[in-house]
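Visitor: Using the sequences and the hints given, assemble the complete structure.
From first to last, the protein sequence lines stand for chains A and Z.
Under our numbering, read the first sequence as residues 340 to 836, first letter to last.
Under our numbering, read the second sequence as residues 815 to 996, first letter to last.
Worth flagging that the hints you see were computed from the coordinates, not collected in a lab.
Cβ atoms here follow ideal geometry from the backbone N, Cα and C, with glycine treated the same way.
Fair warning: there could be bad hints in the mix.
Pairs of lysine to any residue residues, derived as SDA-like cross-links and limited to a Cα-Cα distance of at most 25 Å, are as follows [as the list claims (entries may be wrong)]:
#1 885/Z to 833/Z
#2 766/A to 886/Z
#3 971/Z to 724/A
#4 963/Z to 943/Z
#5 963/Z to 982/Z
#6 565/A to 944/Z
#7 963/Z to 563/A
Pulled from the structure, derived: some chain Z residues nowhere near chain A, Cβ distances all over 10 Å [as the list claims (entries may be wrong)]:
#8 875
#9 881
#10 882
#11 889
#12 925
#13 948
#14 950
#15 972
#16 974
#17 978
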Amino acid sequence: MFESALPALQIMLSWPAPLYLLLGTLLGMLFGILPGLGGPQALALLLPITYGMDVNLAIVLMVGAMAAVPFGGSIPAILINTPGTGQSAATTFDGFPLTQKGKAGMAIGASATASCLGAFFGAIVLTVLLPIGRQIVLLFSFPEYFMLALMGLSVIVVVSKDSLWKGLISALLGLALSTFGYDPVTGSVRYTFGSDYLWDGIRLMPAFIGLFAVGEALELMIRRGKIAQVPYTGKLSGVTDGIKSVFQNFGLFLRCSFIGCIIGIIPGVGGAVANFLAYGHAVQSSKNPELFGTGEIRGVIAPESGNNAKDGGALVPTLIFGIPGSIEMAVFLGALIVLGLEPGPRMMMENPETILVLIYILVAGNILVSLIGIFGAGYLCRLTFFPNTLLAPVIFMLALMGSYLTHGLIYDVVLSLVFGVLSLAMKRFGFSKLAVVIALVLGRLAQKTFHQTLLLWGVKGFFVRPISLGLFLVTLAMLLFPFIRDFLKRRQASRTI
Amino acid sequence: MTDQNQIEKPFLLNDSALFDLIILIFFLLMTVIAFDYNPRARSIPLGLGIVGSIMMFLQFLADAMPPLRSKLRFVVQSGILSGEKPDGQKDTQKQEAALEPPHPAKTEKVSQYWWQVLRMILWLTGFIVALSLVNYLIAVGAFIVLITKIEAQEAWKKALLLAGCVDACFFVLFDIILNAQL
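Guide: Take a look at the structure:
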């Protein structure tokens, strides 16, 4: 495969491939920015356009769009507390407080750099793993999935900032909501209250739009004023500091990129999980966890690197087995088949150049979107100096229409409104929105794999498989570490006295 | 004097307690309904419902009965981990503040706040109804014009300009680019 490296580079650089890359990237960025739209919609839109096109050019266009969506989604997450895609939800937790402090430039700089380098990391992993990816994918089964979900849920204990009690209640609420709908293990339909709409459970995208966008717009409309709580100076500062911060926290970046890659490789886990696990890891491994949620730059670097590294990982099962790990990958897989390619082990033998073009574009698309983000940050950040009373109605419309557009269902819009009001009330009374979101995302995965493990192996199934046991021990260590550290500090303090 | 009376009240159904009550009812309903499902399907929601109900009940007691707050310290205290300062000392000020009942001087502001929220909910409900009845461009345009003029009290010109821009963007994106049949 590696002897095709130079010819693939030549394909990528020869005209009109750079133009297609630019067009794909701009489209992906736009779809990422708009709540409710994302990678699947961008790819679905490009699918008919690419029909009959040269295979490599079609891949340049589509992968360029795919690469730009995650960073595109992070821009509104940072500027207006509204994640453009579900994968950017964790970026709001520290990205938006930074904006409120007048440090939007720093957040965007860090996000762009972490996204770009994360994608580069993912592409390296993809290149290395393609020959051995099959064995890695097969190592993960239900107990490992459950332990991954448990690891993600353990983050709630650390991120419940004001009250651990309320944090746990919020997590229970999220887990309870995740039990709604059709249970794939038992076949029962739970808590639908006679509505067909709830058969699929609480849909994540409308719920996220409600919790973040609608809730935030309600708050802006009531609070009035402007998002940025500092006066407008006319110039954007801090972008360079944001870029530097990624290199200053390079260890964290590498660990979170690795987490993102692993999550991407495992089919069906999803980008939102990568985002939260990376954020959770940053909080749990920090010496100052109390700073997270108040505008901590590491809270931006972690989810952004994990989120973008995930794409490289997600292509491993898609290209090796032809198994799409997400909706976005499913659409992409369909596009590859339409283009006459056959994803699977044979593709690596028959089309090594195409695979390498795909990997190069993944990196190039991210570099391009990051540059656009960094240079366009000044214009984007002006949004935060607009009066809230003019910004909030636009956010309402973007959010609710985005929610409506996903499935064309009015119930999705109603759900977004309900979650928006819930978000507002939770914030007012000190309940953790973050805990609800984490539990809602991971709850379904946890309960499904819990039952599947019990059915196949019984309770011992969680502890006899080495990776599952390893993940369990890591989770336990992450939970106990702050308590042990606190105990040691207190003992040291008492000895000093 | 008024402050003193308010603090000593044994039962106070403030907005916080009311929210607790709504969530408590949700958990209780969940628990009761879970009994309709087969044992395997019910196990997780039932467990979540029971634990959630107990925790929420204690939270409700702490919020609605100020004298109980000192006895339910574990409910109202700051987070075990995040209540720490970087040097490892507990943020005692924050914890003490959490033990205090809500200030009565805020009562008027509270009702004003919820009145504003209710108005916004009605606006959004109106938009959803309009969206299901008329073309989305009309619903979006009308919503932006009315809310910007009436709620935000901006000039007609600004409201119409904003609505026009948003409608134009949506038309290009949804109708021309995406060809979405909305």
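Visitor: Are the hints correct? Go through all of them and say.
Guide: Hint check:
1. Straight-line distance between C-alpha atoms of residue 885/Z and residue 833/Z comes to about 21 Å, which keeps the hinted pair within the 25 Å bound.
2. At roughly 22 Å between alpha-carbon atoms, residue 766/A and residue 886/Z fall within 25 Å of each other, so this suggested pair holds.
3. At roughly 20 Å between alpha-carbon atoms, residue 971/Z and residue 724/A fall within 25 Å of each other, so this suggested pair holds.
4. Distance check on the hinted pair: residue 963/Z and residue 943/Z sit about 20 Å apart at the alpha-carbon level, within 25 Å; holds.
5. Between the alpha carbons of residue 963/Z and residue 982/Z the distance comes to roughly 19 Å, so the proposed pair stays at or under 25 Å and holds.
6. A distance of roughly 29 Å separates the Cα atoms of residue 565/A and residue 944/Z; the hinted pair therefore is violated under the 25 Å criterion.
7. For the proposed pair residue 963/Z and residue 563/A, the alpha carbon gap of about 14 Å is at most 25 Å, so the pair holds.
8. The Cβ of residue 875/Z lies farther than 10 Å from every Cβ of chain A, with a closest approach of about 12 Å, so its non-interface assignment holds.
9. Taking the minimum C-beta to C-beta distance to chain A, about 19 Å, the non-interface status of residue 881/Z holds against the 10 Å cut.
10. Even its closest Cβ contact with chain A, about 14 Å, leaves residue 882/Z beyond 10 Å, as expected for a residue assigned away from the interface.
11. For residue 889/Z, the shortest C-beta to C-beta distance to chain A comes to about 5 Å, within the 10 Å cut-off, and the non-interface label is violated.
12. No beta-carbon of chain A is positioned within 10 Å of the beta-carbon of residue 925/Z; the least distance is around 13 Å.
13. Against chain A, the non-interface label of residue 948/Z holds: every CB pair exceeds 10 Å, the least being about 13 Å.
14. Non-interface call for residue 950/Z relative to chain A: violated, since the shortest CB-CB distance, roughly 7 Å, does not exceed 10 Å.
15. The beta carbon of residue 972/Z sits about 7 Å from the closest Cβ of chain A, which is not more than 10 Å, so the claim that it is off the interface is violated.
16. With a closest Cβ-Cβ approach of about 13 Å to chain A, residue 974/Z is found to remain outside the 10 Å limit, as its non-interface label requires.
17. With a closest Cβ-Cβ approach of about 12 Å to chain A, residue 978/Z is found to remain outside the 10 Å limit, as its non-interface label requires.
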